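Q: Those protein sequences? They're chains P and L, same order as listed. Letter by letter, the first sequence follows residues 1 to 434 of full-length UniProt numbering. Letter by letter, the second sequence follows residues 1 to 572 of full-length UniProt numbering.
Note that these hints are calculated values from the structure, not bench results. It cannot be assumed that every hint is accurate.
[What the hints assert, rightly or not] List of simulated lysine-lysine pairs, PhoX-like, C-alpha gap at most 25 angstroms: (1) L:Lys550 / P:Lys30; (2) L:Lys550 / P:Lys175; (3) L:Lys261 / P:Lys5; (4) P:Lys248 / L:Lys544; (5) L:Lys261 / L:Lys164; (6) P:Lys175 / L:Lys487; (7) L:Lys421 / P:Lys76; (8) L:Lys541 / P:Lys248; (9) P:Lys178 / L:Lys178; (10) P:Lys426 / L:Lys164; (11) L:Lys541 / P:Lys169; (12) P:Lys421 / L:Lys164; (13) P:Lys407 / L:Lys178.
Since we're looking at a predicted model, the values are computed, not measured.
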Amino acid sequence: MPVIKDAVCSLCGSLCDDITVTVEDNKITKIENACILGHSKFVGMFEHDRIETPMIRKDGELVPVSYEEAIEAAAKILVNSRRILSYGWCSTSCEAVSGAIELAEETGSVIDSTANVCHGPSALAAQEKGSPSASLGEIKNRADVIVFWGCNPVHAHPRHMSRYSSFSKGFFTEKGRKGRTMVVIDVRKTDTAKLADNYVEIEQGSDLLLITALRSIVNGHEDVVPETVAGVPKAEVLELAETLKNAKFVCIFFGMGVTQSRSKYKNGDAVSSLISDLNQHTKAVMIGMRGHYNVTGFGQVATWETGFPMAIDFARGYPYYNPGETGANDLLVREEPDAAIIAAADPGAHFPQKAVRHLAKIPVIQIDPYANPTTEIADVVIPSAIVGIEAEGTAYRMDAISLRMKKLIDTRFKTDEEIVKDLTAKVRELKRGA
Amino acid sequence: MSEILIKNASVCDPAQGINCEPMDICIRDGKIVERVSGNAKVIDAVGKLTMAGGFDGHTHSAGKINVGRFINPNDARKNPVPGLSGQVARTEKTRAQVGYNTPNTYAIGYRYAKLGYTTICEAAIPLLAARHTHEEFKEIPILDKMGLSLFGSNWQVMEYIRDKEPEKLAAYIAWGLKASRGYGVKIVNPGGGEAWGWGRNVTGLYDPVPNFDVTPAEILIGLAEANERLRLPHSIHVHCNNLGKPGNYATTIETMKLFEKVKPSRDRQALHVTHVQFNAYAGTSWRDFETGAPMVADYVNGADHLTFDLGQVIFGPAVTMTADGPVEYANARMLHEKWSNQDIELEDASGVVPLFYSPKSFVNAVQWAIGLELALLVKDPWKIMFTTDSPNGGSFVNYPEAFTYLMSAKRRAEVISGFSKMALDRMVLPGIDRELDFYELAVMTRSTQSKMYSRPEKGNLKVGSDADIAIYDLLPGQVDPSTEYAKVKQAFSGAAYTLKGGEIVVKDGEIEATPKGKTYWVNAKVPKSIDAAMQKDIDRKFRKYYTVSKANYMVEDSYIQKPVEIDTEGVF
């Protein structure tokens, strides 16, 4: 009965690496240390709606075929298309991402990640103002003031607060939660907000106002701040600024409540500027609360292979990047792609209606372990092994620390890495034939 | 069995004392040999300068360069050096390329190879983030690679030094090198990285590190002694305290002096001081800033225990990236630039800030002069490694341009003619008429590296060495570098041939083949009992303070491309 220690959980961007897994008869029978989300991923893979076999849509119905047939059909779609969108790749390994980029380069595609509807604006913010950050252990060991802004780790990253932030105990933070001030800034009183020492409730879409007011105060210009900012009384804003300035070490964790609300990347830009200003008084860093377990990894691999973290257009033979023009939704809303390859993501469930409507019109290749709304509009469906359970590979935690995902059990499914390699080889073969 | 015969080359190989002499070079199965059979492929190198492949011993090409790329997408489109920068579409042989200071991984491999370089050393690997460095290494084609692991603000290091446990310290270094698959010990602003954990810095060699009761001087000497105890192939590699501050030449000389008493355990230097241009500043502020190069060079001329590299400035855009966290914050505030920071738990700090070196700025002009002054005032080229600390002083693709500054007083005068009087008053370069020859250039770009990294098979053309060879379309004796510097720059910008491990990878300045390079790392042997005692200490560190488990910290074998394990036997 093999017991595997220090397994890495492939659910969220926290990438907890202390999971103990017991395997019996190639089944996971016991999971220790995982949170409820991680636990359900480890056990759920036996219960969820796995795609059992490769499929091709014939006369409107998905019909089971072999891997070879599915890959040939997918390669034909790619070779016969002129403007391909490759999207997703955030719940899979860096090795698969690398293969996907090579395929995109080979086919002159646009490749984009789920950051398009998530932390994409954080990347734009970093390009404007930089990214003053730290590894999560710096927060664990030093931070006495922790701010969760527009995020809800109690539900989205359940072990974050105990492993890395609010409740964790470290070298200079041996009292754990008792020695820390926890601030939550949000539009609603989330379960995370309920645990805070200071919950700052702001009006929807007014984050930029509050950040700007805080910057003014931190930089000694409190006189320009009006009596109420973002629905928060000035006295409260002043108090928050004092908390930040008087801290020994501040970390602002920011989520999609900041990146996807009004002002988008300008919010992140302003948070980065606030961090820079705060360092005149104390030590401060910021970390984005990344969702998919390897969305950070996609950004890393894409950046070293192409120079850009997302929305990369290979139509010119070299990488061209202009989010707003070359993002997945930008293309779909313009009805530009004539084929799409979707892997480890579900735009069918998460993209705007207009984008999904165009996706439904064009040939779609799906690579995924699970059936989801995208399967309903896919023409070729290729099931894959689950990284971190059935396949090994690299993933990047939200703080850009990479870890090796373990293979825990055997599988009959091909890995994303193998599928994308086979697909590239088949595309090259067909091109040579042509 | 693959054989190549390079015929009638004009060979410049300082390791053998060969100074531009006509010779044949024989290659079999990737190595240089005495003779080859009649079936060997022949490269006619008549009239061509032939050297060992270039070896960049201090460059930032994997790891935090990715932060540089991430925050500077504009760099991807920059093309100030046509053929060696900007966007290049994929071909049958090559992947797509972008960038100038922070090129993508493929472009790094292709462009170094075009310059005739075949080996690089990434100068800073944070242990916890080492896997990332090796992932990028795997995607850099052609070149052989090695990396230096950061130890200068590491808690375990500082505790062992404070508690006077030199054997455990050595065991920890050995373990850290293995965990990160590193080649040597890098120290950046010793103690400063930890102070930066609280937004502070250390001010010099004897300023205590907050909470750890050690000084930068103790960290330096402690690590140097551990380095020698382990008989590591490279000495400690030091980025001095107070980098980038006027008046810091005094700290630099003080640091160099500290090592007069350290005895190297191998035939190499006891200390390598890096990018000294940034650490050879005189004056007391940016107002009265001036060169400190003559003082540093004067000391180095009288010392024989150290080597150093330049960190030469190239005018135009650059991206600074260093484990010196506080200096990057100061840069960003001073220059109103974007700022990235990435402190690593228990280990070190780092930052990335883009900037622009303008010949119109008297500070930048003096910085440019200081690098050249160091190279020209230090008499022995075997103490000097040529670098731009790419991309801190400027991108490596400008090496050919920088070579012309070293080889031609006339070329320098042309550049200097654009400087303000204030700049000229603060430098000594205009009074220096020394011009390097090809032999000295070969020393600084290949031979010094072979010696200082104890890689006898690299950086020279001896029988038995790796057949890493650069052939330039340039004939010493017929081209006068002091006047015909345009020809020199052109020849070095696109090698006629670059051979990597006996394979032609560049021909007429274009990429011919893209083999995978090797990764060198050092496995230093430590007695089991000492290792076990040290492991107990770090087990506690992992349990209580790290956010990854020890088992997941070690870089796995699968990440090391074509590994070359260098074993050393420590003295305990």
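Q: None of the hints should be skipped; say for each whether it holds.
A: Hint check results:
Between lysine 550 of chain L and lysine 30 of chain P, the direct Cα distance comes to roughly 22 angstroms. Compliance with the 25 angstroms bound is thereby established for this hinted pair. With a CA separation close to 24 angstroms, the supplied pair lysine 550 of chain L and lysine 175 of chain P stays within the 25 angstroms bound. Restraint check for lysine 261 of chain L and lysine 5 of chain P: the C-alpha separation of about 47 angstroms exceeds 25 angstroms, so the hint is violated. A hinted pair counts as satisfied when its Cα atoms are at most 25 angstroms apart, and lysine 248 of chain P with lysine 544 of chain L qualifies at roughly 21 angstroms.
Annotation: proposed proximity of lysine 261 of chain L to lysine 164 of chain L holds, straight-line Cα distance about 18 angstroms (limit 25 angstroms). A hinted pair counts as satisfied when its Cα atoms are at most 25 angstroms apart, and lysine 175 of chain P with lysine 487 of chain L does not qualify at roughly 67 angstroms. Taken as a hint, the lysine 421 of chain L and lysine 76 of chain P pair is broken in the structure, with Cα atoms around 67 angstroms apart against an allowance of 25 angstroms. Between lysine 541 of chain L and lysine 248 of chain P the CA atoms are separated by roughly 22 angstroms; this keeps the pair inside 25 angstroms, and the hint holds.
Of the supplied pair hints, the one linking lysine 178 of chain P and lysine 178 of chain L is violated, its CA atoms being roughly 38 angstroms apart against a limit of 25 angstroms. At roughly 62 angstroms between alpha-carbon atoms, lysine 426 of chain P and lysine 164 of chain L are farther apart than 25 angstroms, so this suggested pair is violated. The suggested pairing of lysine 541 of chain L with lysine 169 of chain P holds, with an alpha-carbon distance near 13 angstroms, which does not exceed 25 angstroms. Between lysine 421 of chain P and lysine 164 of chain L the CA atoms are separated by roughly 53 angstroms; this puts the pair beyond 25 angstroms, and the hint is violated.
In summary, the hint linking lysine 407 of chain P to lysine 178 of chain L is supported, as the alpha carbons are separated by about 23 angstroms, within the 25 angstroms threshold.
Violated hints for the displayed structure, listed by number in ascending order: 3, 6, 7, 9, 10, 12.
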